[in-house]
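Based on the sequences and whatever the hints tell you, model everything.
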Amino acid sequence: MLNFKKLPKGFTLIELLVVIGILGILLAIVLIAINPAAQFAQANNTARTNDVNTILNAVHQYGADHKGNLVALGLPTAPDPALEIMGGVGNPGGADVCALLSPDYVSLFPVDPDGPNNGAAVGDCTADYQTAYFIVKDASGRITVSAPSAETVRGVAPVISVTR
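The numbering of the sequence shown is my numbering, which starts it at 554 and goes up by one.
Since the hints were made in silico from the structure, they are not lab data. Be careful, since some hints might not be right.
Straight-line distance between alpha carbons at most 25 Å, and here's what the computed SDA-like set of lysine to any residue pairs gives [to be verified]:
#	residue 1	residue 2
1	690	599
2	620	715
3	620	655
4	620	661
5	690	622
6	620	606
7	690	649
8	620	694
9	690	658
10	690	715
11	690	646
12	620	697
13	690	714
14	620	636
15	690	656
16	690	623
17	620	678
18	620	649
19	690	618
20	690	619
21	690	627
22	620	653
23	620	630
24	690	657
25	620	654
26	559	569
27	690	644
28	620	659
29	690	645
30	690	615
31	620	607
32	620	690
33	690	629
34	690	635
35	562	575
36	690	600
37	620	695
38	690	621
39	690	603
Okay, here's the thing in structure tokens:
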């Protein structure tokens with residue numbers, strides 16, 4: 554008859570610590586490769602680019618419907634500085650274009666992702682609002698919408714500005 558020794562079952566403490574150490578090193582390498590902070594910054598900058606294009610498209614649609622007359626929008630003309638798109642009683646002095654563009658040309662008026670209300674879009678243009686986006690018209694009638702609060706990604710600070 555064969556005599557089988559009873560072998561110990563399970564892992565030793567050393568084996569478990571080695572596996573945990575290897576998993577920790579792999580996790581650190583993956584986190585460094587992914588860099589979540591850079592991913593969030595890049596996502597916010599993409600949202601800013603989309604918002605700037607949305608606002609500019611809405612302004613041009615408004616202009617097309619009003620035979621090119623943008624006077625009602627009250628846009629500053631260069632060399633005057635660009636005005637922040639904001640409005641309401643508590644925010645005088647901005648370019649208050651929300652009520653003219655929303656809801657006909659844009660359903661909710663976009664706001665910078667890191668801006669007021671955690672980037673929640675403006676639904677009520679009669680209340681105080683700020684977008685952290687700027688708008689200006691040059692002497693030839695070209696309109697520029699910009700997002701000056703773009704985040705630096707991997708050492709590069711992008712300029713988010715569209716002119717048409």
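For each hint, the structure was consulted:
1. 690 to 599: Distance of about 24 Å is within 25 Å: holds.
2. 620 to 715: OK: residue 620 and residue 715 at ~22 Å, within 25 Å.
3. 620 to 655: 18 Å, holds
4. 620 to 661: Roughly 24 Å between the alpha carbons, so the hint for residue 620 and residue 661 holds.
5. 690 to 622: 13 Å, holds
6. 620 to 606: Holds - the C-alpha atoms of residue 606 and residue 620 are around 21 Å apart, at most 25 Å.
7. 690 to 649: 14 Å, holds
8. 620 to 694: 13 Å, holds
9. 690 to 658: At roughly 19 Å apart (the allowed maximum being 25 Å), residue 658 and residue 690 satisfy the hint.
10. 690 to 715: 12 Å, holds
11. 690 to 646: 16 Å, holds
12. 620 to 697: Between residue 620 and residue 697 the Cα gap is close to 19 Å, so the pair holds against 25 Å.
13. 690 to 714: Within the cut-off at roughly 13 Å; holds.
14. 620 to 636: 24 Å, holds
15. 690 to 656: Between residue 690 and residue 656 the Cα gap is close to 23 Å, so the pair holds against 25 Å.
16. 690 to 623: Holds - the C-alpha atoms of residue 623 and residue 690 are around 10 Å apart, at most 25 Å.
17. 620 to 678: Satisfied, since the Cα-Cα distance of roughly 24 Å is no more than 25 Å.
18. 620 to 649: Holds: residue 620 and residue 649 sit about 20 Å apart, inside 25 Å.
19. 690 to 618: Given pair residue 690, residue 618 holds - Cα atoms ~18 Å apart, limit 25 Å.
20. 690 to 619: 17 Å, holds
21. 690 to 627: 10 Å, holds
22. 620 to 653: Roughly 15 Å between the alpha carbons, so the hint for residue 620 and residue 653 holds.
23. 620 to 630: Given that 25 Å is the threshold and the Cα spacing comes to 19 Å, the pair holds.
24. 690 to 657: 22 Å, holds
25. 620 to 654: Roughly 15 Å between the alpha carbons, so the hint for residue 620 and residue 654 holds.
26. 559 to 569: This hinted pair holds, its Cα atoms lying about 22 Å apart.
27. 690 to 644: Between residue 690 and residue 644 the Cα gap is close to 21 Å, so the pair holds against 25 Å.
28. 620 to 659: The hint holds at about 19 Å.
29. 690 to 645: 19 Å, holds
30. 690 to 615: 15 Å, holds
31. 620 to 607: Roughly 20 Å separates the two Cα atoms, so the pair holds.
32. 620 to 690: 17 Å, holds
33. 690 to 629: 6 Å, holds
34. 690 to 635: 8 Å, holds
35. 562 to 575: 22 Å, holds
36. 690 to 600: 23 Å, holds
37. 620 to 695: OK: residue 620 and residue 695 at ~15 Å, within 25 Å.
38. 690 to 621: 13 Å, holds
39. 690 to 603: 20 Å, holds
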